[in-house]
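Student: Top line first, the protein sequences correspond to chains F and B.
Quick note: the first sequence, position 179, residue 178 per numbering that gives the first Met the number 0, numbers continuous.
Quick note: the second sequence, position 169, residue 168 per numbering that gives the first Met the number 0, numbers continuous.
If you are wondering where the hints come from, they were derived from the structure by calculation, not from laboratory data.
All figures in this text were calculated on a predicted structure; none of them were measured in a lab.
Heads up, the beta-carbon is just placed ideally off N, CA and C, and yes, glycines get one too.
Be aware that a few hints might be false.
[Unchecked claim] Quick list of simulated restraints, FRET-style, between CB atoms: (1) Ala-111/B to Arg-52/F: 39 to 45 Å; (2) Ser-329/F to Gly-43/B: 38 to 44 Å; (3) Ala-80/B to Gly-301/F: 57 to 63 Å; (4) Asp-270/B to Gly-46/F: 48 to 54 Å; (5) Ala-376/F to His-187/B: 55 to 61 Å; (6) Asp-251/F to Val-41/B: 51 to 57 Å; (7) Leu-137/B to Gly-301/F: 41 to 47 Å; (8) Gly-301/F to His-187/B: 47 to 53 Å; (9) Glu-141/B to Arg-107/F: 48 to 54 Å; (10) Ala-139/B to Gln-249/F: 55 to 61 Å.
[Claimed, not checked] Computed far set for chain B versus chain F, every beta-carbon distance over 10 Å: (11) Asp-10; (12) Gly-39; (13) Gly-56; (14) Glu-59; (15) Val-96; (16) Gln-135; (17) His-189; (18) Glu-198; (19) Gly-233; (20) Arg-241; (21) Glu-280.
The residues making up each chain are set out below.
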Amino acid sequence: MQPTAPPDPQTAPPAEPVLLDRAGLQALLDALAARGFDVIGPTLRDGAIVYDRIARIEALPVGWTDRQDAGCYRLERRADAALFGYAVGPQSWKRFLHPPEELLWRARRTADGFAIEAEPPPPAPFAFIGVRACELHAIAIQDRVFLGGAHQDPGYAARRQGAFLVALNCGTAAGTCFCASMGTGPRAEAGFDIALTELIDVDRHDFLAVAGSDAGAALLAVLPTRPAGPEAAAAAEAVVAHTAASMGRQLDTVGLKELLQANPEHPRWDEVAARCLACANCTMVCPTCFCTSVADHTDLTGTEAERVKRWDSCFTADFSYIHGGSVRASGKSRYRQWMTHKLAHWIDQFGTSGCVGCGRCIAWCPVGIDITAEAAAIRATPGKGPHGNA
Amino acid sequence: MSARLAPSPADPMRPAPWRVRAVRRETADVATLALEPLEGGVPGFAPGQFNMIYAFGIGEVPVSLSGDPADPTRFVHTVRAVGAASAAIVAAAPGSVLGLRGPFGSAWPVDAAEGHDLLIVAGGLGLAPLRPAIYQVLAASERFGRIAVLYGGRGPAELLFRDELAAWGARADVTVAITVDHADPSWHGHVGVVPALIEHVGFDPANTVALLCGPEVMLRFTATTLRAAGVAAGRIFLSMERNMKCAIGLCGHCQFGADFVCKDGPVLPYDRIAARLAVREI
Numbered sequence: 000m001q002p003t004a005p006p007d008p009q010t011a012p013p014a015e016p017v018l019l020d021r022a023g024l025q026a027l028l029d030a031l032a033a034r035g036f037d038v039i040g041p042t043l044r045d046g047a048i049v050y051d052r053i054a055r056i057e058a059l060p061v062g063w064t065d066r067q068d069a070g071c072y073r074l075e076r077r078a079d080a081a082l083f084g085y086a087v088g089p090q091s092w093k094r095f096l097h098p099p100e101e102l103l104w105r106a107r108r109t110a111d112g113f114a115i116e117a118e119p120p121p122p123a124p125f126a127f128i129g130v131r132a133c134e135l136h137a138i139a140i141q142d143r144v145f146l147g148g149a150h151q152d153p154g155y156a157a158r159r160q161g162a163f164l165v166a167l168n169c170g171t172a173a174g175t176c177f178c179a180s181m182g183t184g185p186r187a188e189a190g191f192d193i194a195l196t197e198l199i200d201v202d203r204h205d206f207l208a209v210a211g212s213d214a215g216a217a218l219l220a221v222l223p224t225r226p227a228g229p230e231a232a233a234a235a236e237a238v239v240a241h242t243a244a245s246m247g248r249q250l251d252t253v254g255l256k257e258l259l260q261a262n263p264e265h266p267r268w269d270e271v272a273a274r275c276l277a278c279a280n281c282t283m284v285c286p287t288c289f290c291t292s293v294a295d296h297t298d299l300t301g302t303e304a305e306r307v308k309r310w311d312s313c314f315t316a317d318f319s320y321i322h323g324g325s326v327r328a329s330g331k332s333r334y335r336q337w338m339t340h341k342l343a344h345w346i347d348q349f350g351t352s353g354c355v356g357c358g359r360c361i362a363w364c365p366v367g368i369d370i371t372a373e374a375a376a377i378r379a380t381p382g383k384g385p386h387g388n389a
Numbered sequence: 000m001s002a003r004l005a006p007s008p009a010d011p012m013r014p015a016p017w018r019v020r021a022v023r024r025e026t027a028d029v030a031t032l033a034l035e036p037l038e039g040g041v042p043g044f045a046p047g048q049f050n051m052i053y054a055f056g057i058g059e060v061p062v063s064l065s066g067d068p069a070d071p072t073r074f075v076h077t078v079r080a081v082g083a084a085s086a087a088i089v090a091a092a093p094g095s096v097l098g099l100r101g102p103f104g105s106a107w108p109v110d111a112a113e114g115h116d117l118l119i120v121a122g123g124l125g126l127a128p129l130r131p132a133i134y135q136v137l138a139a140s141e142r143f144g145r146i147a148v149l150y151g152g153r154g155p156a157e158l159l160f161r162d163e164l165a166a167w168g169a170r171a172d173v174t175v176a177i178t179v180d181h182a183d184p185s186w187h188g189h190v191g192v193v194p195a196l197i198e199h200v201g202f203d204p205a206n207t208v209a210l211l212c213g214p215e216v217m218l219r220f221t222a223t224t225l226r227a228a229g230v231a232a233g234r235i236f237l238s239m240e241r242n243m244k245c246a247i248g249l250c251g252h253c254q255f256g257a258d259f260v261c262k263d264g265p266v267l268p269y270d271r272i273a274a275r276l277a278v279r280e281i
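The task is simple: from the sequences and hints, build the whole structure.
Tutor: As structure tokens, this is what we get:
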């Protein structure tokens, strides 16, 4: 196997924060595009804030925010013209680094069996604008999944290694946010090239920028910036502190792995299964859920074949199908699998929780199932059975 | 696992072409295929490991190796036709080409079992993943204590490898016991479930290693019977089956508790999985 190294840990050079104004932020987008990056950032579409190609800062959701609760996501107008005045939407950067559908290979019948065609050239590297702290953690978690084991995902490695990450320290928390209790935000601590904090009030609209890598520092050096004094740095601190204090939810992670692994027969699984539709929304919006299936196709002549990888979900009946039936036939067993994997088994498998506290699974659940409430319910009445590593 | 056992391609999801050299029909829906690579050598494998086998344009399935690990010339697989891909593999004619990735997964602890009594317990198609271990053990039987192969099938017509079972049974260094769920007029042997065979063979529970492969319900009852007989949970090894798409721990399908059956298994020790094996639908 090819020892593909995980992306270089982005080393943090001594960072003197600088200030960009709106024109400076546009210059950042322009500079990334000029360097060949496919620049992706938040924009409005279909009544939500999604991630897509952006060239101009006017494409950002200027003056919009979101109101989120269990089973609820609504866009609302802000009183100001903030560019990043909202929390996370239904998509995550997973959509780009670990796309919903990916052609793995094409093959052609030959006189001697079949031959797999050469790989297509790699696409332009991504630059992500506005990556939240929880999302940086989610990317780091998928790095462990796809790059940290004996076998690596070559497609993910190629997309990940070229990516330029512009982080954003959150200026607002949604009702579904709980990164503060997961230790994953709202401040971007590491894993970015540049981190921004939006400073907006009646007197100014600036972005405090800190480099997190040599590449980030090199880019900042060519942008129209001005030094950020201690007052701006203090204002940025206050933004993050206010967001941290505004979390809509929290999850108590103390002993949670052991609690869930000891309670596969807890009656709460039946209770949540009575509400769960097994629709798989939570796994689609989750920035760390990584499961995929593959589909093999041929053309009508049967001479060309391809294999496509697609996102899959542990909530579907097919997911666990083996000859004779599905291992997890009931909705109860599928919800238990998802939540126990996310909050417990993940730690055994990858040395980290699979949850970053972004709250997407809560907002986008059509019946408003709340992972923080489900965990709290099991904690409130833990069972007795020693199921060990069940 | 040693580097010799690692799959060769840089992209572990790309199958390599292998030619079907020989096909043997085992039962109505089971065939054993001998495969040789179109390019390169045959990687080594350890008994208990599996390959992903691809039928062009149809699909790919995990199949345990069933041949002799000492044979460096081919991979041997025993496949039952249960779906589109496995049916295409079973129907593959000599000379045709299949795709192959592997070998993957954990192995039967054959070397670690030396010096112990050895119970090899198989149900149905579960004899196939155990056959490489049987070959390895019988090639050096003097290194083990008493050796027994216990095998159960639905009926006499569904039993695999009957010629070999007879040959092994004729040896002085191994006991072979076979049972069927449903006898026919030709059958004069045991009728009943596999765990019931355990009382028919001699072994020292305090010094026994057991290798189990078969349907999950058979694994559960066999492990329970062995535990009741006094065999240590850490010396009972089970080969688990789960849905697999990638075989390299990336697709998530084969999770069984915190283990990925493809890379942590398929062979797992009972003491590690006993609690979750008792939970339905885990």
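Student: When you take the CB atoms of Leu-137/B and Gly-301/F, is the distance between them in 41 to 47 Å?
Tutor: 43 Å, holds
Student: Classify the label on Gln-135/B as holds or violated, using whether its beta-carbon is more than 10 Å from each beta-carbon of chain F.
Tutor: Per Cβ check, Gln-135/B is outside 10 Å of chain F; nearest 24 Å; holds.
Student: Between Ala-376/F and His-187/B, is the Cβ distance one that fits in 55 to 61 Å?
Tutor: With Cβ atoms ~58 Å apart, the hint holds.
Student: Beyond 10 Å on every Cβ pair: is that true for His-189/B relative to chain F?
Tutor: 24 Å, holds
Student: Over 10 Å from every CB of chain F: does Val-96/B meet that, or does the non-interface label fail?
Tutor: Since the minimum Cβ distance to chain F is about 3 Å, Val-96/B lies within 10 Å and the statement is violated.
Student: Measuring from beta carbon to beta carbon, are Glu-141/B and Arg-107/F in 48 to 54 Å?
Tutor: This hint holds: roughly 52 Å between Cβ atoms.
Student: Given a hinted range of 55 to 61 Å, is it respected by the beta-carbon distance of Ala-139/B and Gln-249/F?
Tutor: Since the Cβ atoms of Ala-139/B and Gln-249/F sit about 60 Å apart, the hinted range of 55 to 61 Å holds.
Student: Against the range 47 to 53 Å, how does the distance between the Cβ atoms of Gly-301/F and His-187/B compare: consistent or not?
Tutor: 48 Å, holds
Student: Say whether it holds or is violated: Asp-10/B keeps its Cβ farther than 10 Å from all Cβ of chain F.
Tutor: Its Cβ does come within 10 Å of chain F, the nearest being 5 Å, so this is violated.
Student: Could you see if the CB distance from Asp-251/F to Val-41/B stays within 51 to 57 Å?
Tutor: Holds, at about 53 Å.
Student: Taking the minimum C-beta separation from Gly-56/B to chain F, is that value above 10 Å?
Tutor: With a cut-off of 10 Å, Gly-56/B comes too close to chain F, as the shortest Cβ separation is near 3 Å.
Student: In this structure, is the beta-carbon distance linking Asp-270/B and Gly-46/F contained in 48 to 54 Å?
Tutor: Given range 48 to 54 Å: holds, Cβ gap about 53 Å.
Figure legend: structure checked against the earlier numbered hints; hints not met, in rising order: 1, 3, 11, 13, 14, 15, 20, 21.
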